[in-house]
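These protein sequences, in sequence, are chains A and B.
Numbered by this note's numbering, the letters in the first sequence go through residues 10 to 353 in order.
Numbered by this note's numbering, the letters in the second sequence go through residues 10 to 353 in order.
These aren't lab readings, by the way, just hints derived from the structure by calculation.
Heads up, a few of these hints could be off.
Remember, identical chains collapse to one label, so a pair may be satisfied in a single copy or spanning two.
As the list claims (entries may be wrong) - Straight-line C-alpha distance at most 20 Å; calculated EDC-like pairs for lysine to aspartate or glutamate:
#1 LYS48 <-> ASP262
#2 LYS317 <-> GLU346
#3 LYS280 <-> ASP180
#4 LYS59 <-> GLU138
#5 LYS291 <-> GLU269
#6 LYS280 <-> ASP202
#7 LYS291 <-> GLU78
#8 LYS317 <-> ASP333
#9 LYS242 <-> ASP106
#10 LYS242 <-> GLU26
#11 LYS242 <-> ASP263
#12 LYS32 <-> ASP66
#13 LYS32 <-> GLU17
#14 LYS48 <-> ASP133
#15 LYS242 <-> ASP318
#16 LYS242 <-> GLU17
#17 LYS48 <-> GLU58
Number of protein chains: 2
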Amino acid sequence: MHFRTNIELMSGYVPGEQPRGQKFIKLNTNENPYPPSPKVTAAIAATLEKGLQRYPDPLGTAFRVRAAEVLGVEPDWILCGNGSDDILTIVTRAFVDSGDVVRYPAPSYILYKTLADIQGASCDVVRYEEDWSLGYEFTAPLPRLNLAYLANPNSPSGTLLAPGEVAAIADNLPCPLLVDEAYVDFASTNCIDLVRTNPRIMVSRTLSKSYALAGLRFGYLVAQPQVIAQLRKVKDSYNCDALALAGATAAIDDQAWLRENVARVRATRIKLFHGLEDRGFKPLASQANFVWTTHPSNAHEEIYLRLKDQGVLVRYMRYAGWGDGLRISVGTDAENEALLAMLG
Amino acid sequence: MHFRTNIELMSGYVPGEQPRGQKFIKLNTNENPYPPSPKVTAAIAATLEKGLQRYPDPLGTAFRVRAAEVLGVEPDWILCGNGSDDILTIVTRAFVDSGDVVRYPAPSYILYKTLADIQGASCDVVRYEEDWSLGYEFTAPLPRLNLAYLANPNSPSGTLLAPGEVAAIADNLPCPLLVDEAYVDFASTNCIDLVRTNPRIMVSRTLSKSYALAGLRFGYLVAQPQVIAQLRKVKDSYNCDALALAGATAAIDDQAWLRENVARVRATRIKLFHGLEDRGFKPLASQANFVWTTHPSNAHEEIYLRLKDQGVLVRYMRYAGWGDGLRISVGTDAENEALLAMLG
Chain A
10 MHFRTNIELM
20 SGYVPGEQPR
30 GQKFIKLNTN
40 ENPYPPSPKV
50 TAAIAATLEK
60 GLQRYPDPLG
70 TAFRVRAAEV
80 LGVEPDWILC
90 GNGSDDILTI
100 VTRAFVDSGD
110 VVRYPAPSYI
120 LYKTLADIQG
130 ASCDVVRYEE
140 DWSLGYEFTA
150 PLPRLNLAYL
160 ANPNSPSGTL
170 LAPGEVAAIA
180 DNLPCPLLVD
190 EAYVDFASTN
200 CIDLVRTNPR
210 IMVSRTLSKS
220 YALAGLRFGY
230 LVAQPQVIAQ
240 LRKVKDSYNC
250 DALALAGATA
260 AIDDQAWLRE
270 NVARVRATRI
280 KLFHGLEDRG
290 FKPLASQANF
300 VWTTHPSNAH
310 EEIYLRLKDQ
320 GVLVRYMRYA
330 GWGDGLRISV
340 GTDAENEALL
350 AMLG
Chain B
10 MHFRTNIELM
20 SGYVPGEQPR
30 GQKFIKLNTN
40 ENPYPPSPKV
50 TAAIAATLEK
60 GLQRYPDPLG
70 TAFRVRAAEV
80 LGVEPDWILC
90 GNGSDDILTI
100 VTRAFVDSGD
110 VVRYPAPSYI
120 LYKTLADIQG
130 ASCDVVRYEE
140 DWSLGYEFTA
150 PLPRLNLAYL
160 ANPNSPSGTL
170 LAPGEVAAIA
180 DNLPCPLLVD
190 EAYVDFASTN
200 CIDLVRTNPR
210 IMVSRTLSKS
220 YALAGLRFGY
230 LVAQPQVIAQ
240 LRKVKDSYNC
250 DALALAGATA
260 AIDDQAWLRE
270 NVARVRATRI
280 KLFHGLEDRG
290 FKPLASQANF
300 VWTTHPSNAH
310 EEIYLRLKDQ
320 GVLVRYMRYA
330 GWGDGLRISV
340 GTDAENEALL
350 AMLG
C-alpha cells in the first residue's frame with residue numbers, strides 16, 4: 010500500500026477548533042456572528058422543496074450571471090467553488106506539478122503549505138517586512154516557481170496591500186498570482202479591477218465570512234476567461250450542490266444586507282481594537298473581521314487557555330521562527346464586551 | 010501564464026446533458042426519479058433554520074457514526090466526500106503522482122481518465138471480456154501502476170463482478186483497488202466485507218443514485234483506518250457542507266425508505282428490460298438503475314436524437330474502438346411507458 014511519499018510525509022492541515030455540543034463564545038475561526046440574509050434561507054428552502062434528486066448545474070450559471078453584474082465582469086470570468094479552499098485547490102492543481110515551487114508570504118494562511126505538500130511541490134516562503142509590506146524577494150525569479158499566493162487582507166495580521174502594490178507584484182512576478190480575498194469585503198479596497206489588465210492575476214473570494222455562510226461552502230474565482238476555461242477541466246463536475254448554488258445566488262444578490270452586515274462588523278472591530286489597547290495589548294489595525302494582537306507580557310498561550318477556560322475561544326497562533334500571538338474574530342457587541350471584560 | 014502541460018492538453022470531463030428550463034423526461038444521467046426521503050428534507054430544513062454562519066464538522070462525525078452502524082464498520086473506516094467524485098479525486102491525488110499509471114476497464118466510467126489526466130498520469134485501459142468479466146491483463150504487473158479503478162456495478166453495462174472475483178483481482182493486483190459502488194444498492198451483492206480482510210481495497214459510495222440526492226453532493230469511502238488517516242490529509246478541510254451532512258445522516262438512517270425505493274426502481278428496471286426486448290433491442294441484464302442496450306440496426310445515435318426530439322433524454326455513448334449504444338436510466342413507471350411507446 011504505497012501512498013505518494015509527499016502524502017505520507019506531510020502532517021496535514023489542522024483547521025481551528027470546531028467544538029461540538031459545548032457552548033463557547035467562538036472567536037477563533039473568523040465566522041460571521043450574525044445569521045445570513047433571510048433571502049438566502051428562503052432561496053435554499055425553495056430549492057429544497059423542489060427535491061434534490063436531480064444533479065445541479067455543473068457551471069453554476071445563475072450565480073455567475075448575478076455575480077458578474079455585481080462585480081462588473083462577464084459570467085465566463087467566474088468559476089464557482091465548494092468554498093474558496095476548493096478554488097485554491099483547483100488553481101494549485103492546474104499550475105503546480107510535483108517538483109515545482111510555490112511562493113507565499115509568512116505569516117499567512119497555513120493552508121498554502123498543505124496545498125503545495127499535496128502536489129509534491131516545495132515552498133518559497135517570504136517573510137513580511139516589519140510594516141507588513143513585501144520586499145523584492147517576493148517577486149524574485151526562481152526556477153520552477155509556478156504559482157504565488159497572496160492573502161489580501163492577510164491573516165493573521167489583518168493588513169492590506171493596496172491594489173497598486175499588488176499590481177506591481179504581479180507585473181514583476183515570473184508566475185501567476187492568486188490574490189486570496191477571503192476577507193476583502195471588510196476592507197477599504199479590492200483587486201478585482203486588476204484582473205482586467207493582467208491575465209496572470211486571479212482573485213478568489215468566499216461567502217463564508219462577509220455573507221455569513223461558512224456552513225454552506227461557497228467560494229468563487231475571478232480571472233480572465235481563457236484562464237477559467239482551463240480551470241474548469243480541473244474542478245469536479247458537480248462541485249457545488251443545488252442548495253449552495255441557490256443560497257449563493259441569493260446572497261450575492263442581496264448587497265444591501267452585505268453593506269449593513271459589514272458596517273456592523275467594522276463598528277465592533279473598532280471597539281475590539283480600542284478595548285485591547287486600553288487593556289495593554291498591542292493590536293494591529295485590521296481590514297478584516299478579526300484583530301491580530303500581541304501583549305507585552307508575551308503570555309499569549311496562557312491568555313488563550315484562560316479565555317478558553319472561561320468559555321471564550323480565540324485563536325492562538327505560533328509561527329516557527331517568527332513569533333506568536335492571538336487572532337480574535339470580531340463577534341457581536343455582546344460577545345466583544347464579554348471578551349474584554351475577561352481581559353480585565 | 011503556464012498551466013501544467015497535462016492540463017492544457019486534456020479535453021476535460023463532459024457530464025451528461027443537464028438541460029435547464031426545458032421539460033424533458035430525463036433518463037440520461039442515472040438520477041433517481043423519486044424525491045428523497047421526507048426525513049432528509051426535514052433534517053436539512055432544521056439545520057437551515059439554525060443558521061449557516063458556522064463552519065460544519067470537518068470530519069462529518071454524525072454521518073460516520075450512523076453509517077458505521079448501518080455498514081458494520083467503525084466510524085474511522087469512513088471518509089466523507091462532496092459526492093463520490095470528490096472521493097475518487099482524493100484517492101487519486103493520494104496515490105497517483107505525475108508519470109504514474111492508473112488502470113481501469115473499458116468501457117466504464119469516463120471520469121477515471123480525467124482524474125489521471127489531471128495528475129499527469131497515464132492510463133492502462135483493459136477491455137472487458139465478451140461476458141463482462143476481466144481477464145489476466147487487469148491484474149498484470151506494470152511499472153508505476155499505482156491505482157486501479159473498478160466500477161461495480163459497471164456503467165454503462167450495468168454488470169456486476171461477484172465479491173469473490175473482486176477479492177481475487179485485489180489479491181493479484183500490484184496496487185490498491187478502488188471499487189466504485191455508485192450503483193451497488195440496486196445490485197444483489199457488494200464488496201464492503203472485503204475491506205476488512207484486504208487493506209488495499211477501498212469502496213466508494215454515493216447518495217446521488219439510490220438515495221435520490223444527486224443535487225446534494227454526498228459520497229463516502231470505506232477503507233481501513235490507516236488508509237482513511239492518510240486520505241484525510243488530502244481532502245479539503247470542510248469538503249462537506251452543513252446541509253449535506255444533515256441530509257446525508259438522515260438518509261443513511263432511513264434504510265426503510267432505501268429498501269422501498271430500490272424495490273420500486275428494480276421493478277421498473279425489469280419492465281424496461283422486457284419492453285426493450287419486445288421491441289427488438291438487445292438489452293443487458295442490469296444490476297444498476299439503468300439499462301444498457303444496443304439494437305441490431307446499430308442506429309443508436311438516430312434513436313437517441315429521435316427520442317430527444319420527442320422530449321425524452323437518454324444517454325448515447327460511443328467508446329472509441331469498442332462500439333456504441335444507449336444507456337437508459339430507470340425512471341418512474343409512467344416515464345418508462347412513455348419511452349417504450351416512442352420506441353414502437
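Outcome of the hint check:
Only within a single protomer do LYS48 and ASP262 lie at most 20 Å apart by alpha-carbon distance; the minimum there is 9 Å, versus 30 Å between protomers. Only within a single protomer do LYS317 and GLU346 lie at most 20 Å apart by alpha-carbon distance; the minimum there is 16 Å, versus 63 Å between protomers. Proximity of LYS280 and ASP180 under a CA criterion of 20 Å is satisfied in neither setting, with 38 Å inside one chain copy and 64 Å between copies. Within a single copy, LYS59 and GLU138 get their C-alpha atoms no closer than 53 Å, and across copies no closer than 43 Å, so neither meets the 20 Å cut-off.
Taking identical chains as interchangeable, the C-alpha atoms of LYS291 and GLU269 are never at most 20 Å apart, the minima being 29 Å within one chain and 63 Å between chains. Taking CA atoms no more than 20 Å apart as the test, LYS280 paired with ASP202 passes in neither setting, with 32 Å inside one copy and 58 Å between copies. In this assembly of identical chains, the alpha carbons of LYS291 and GLU78 never lie at most 20 Å apart, being 41 Å within a copy and 51 Å across copies at closest. Proximity of LYS317 to ASP333 under the C-alpha cut-off of 20 Å is restricted to the intra-copy arrangement: shortest distance 17 Å within a copy versus 63 Å between copies.
In the homo-oligomer, the alpha carbons of LYS242 and ASP106 lie at most 20 Å apart both inside one protomer (16 Å) and across protomers (18 Å), since each shortest distance falls under that limit. Taking the closest pair of Cα atoms, LYS242 and GLU26 come within 20 Å of each other only across two copies (17 Å); inside a single copy the shortest separation is 33 Å, beyond that limit. Taking CA atoms no more than 20 Å apart as the test, LYS242 paired with ASP263 passes in neither setting, with 30 Å inside one copy and 36 Å between copies. When the C-alpha separation of LYS32 and ASP66 is checked against a cutoff of 20 Å, the pair qualifies only between copies, where the shortest distance is 15 Å, while the shortest distance within a copy is 38 Å.
In the homo-oligomer, the alpha carbons of LYS32 and GLU17 never lie at most 20 Å apart, since the shortest distance is 36 Å inside one protomer and 49 Å across protomers. Taking CA atoms no more than 20 Å apart as the test, LYS48 paired with ASP133 passes in neither setting, with 43 Å inside one copy and 50 Å between copies. Taking the shortest Cα distances, LYS242 and ASP318 never come within 20 Å of each other, neither inside one copy (48 Å) nor across copies (30 Å). For the homomeric pair LYS242 and GLU17, the shortest alpha-carbon distance between copies (9 Å) is at most 20 Å, but the shortest distance inside one copy (27 Å) is not.
For the homomeric pair LYS48 and GLU58, the shortest alpha-carbon distances inside one copy (15 Å) and between copies (13 Å) are both at most 20 Å.
Violated hints, in rising order: 3, 4, 5, 6, 7, 11, 13, 14, 15; the structure is consistent with all others.
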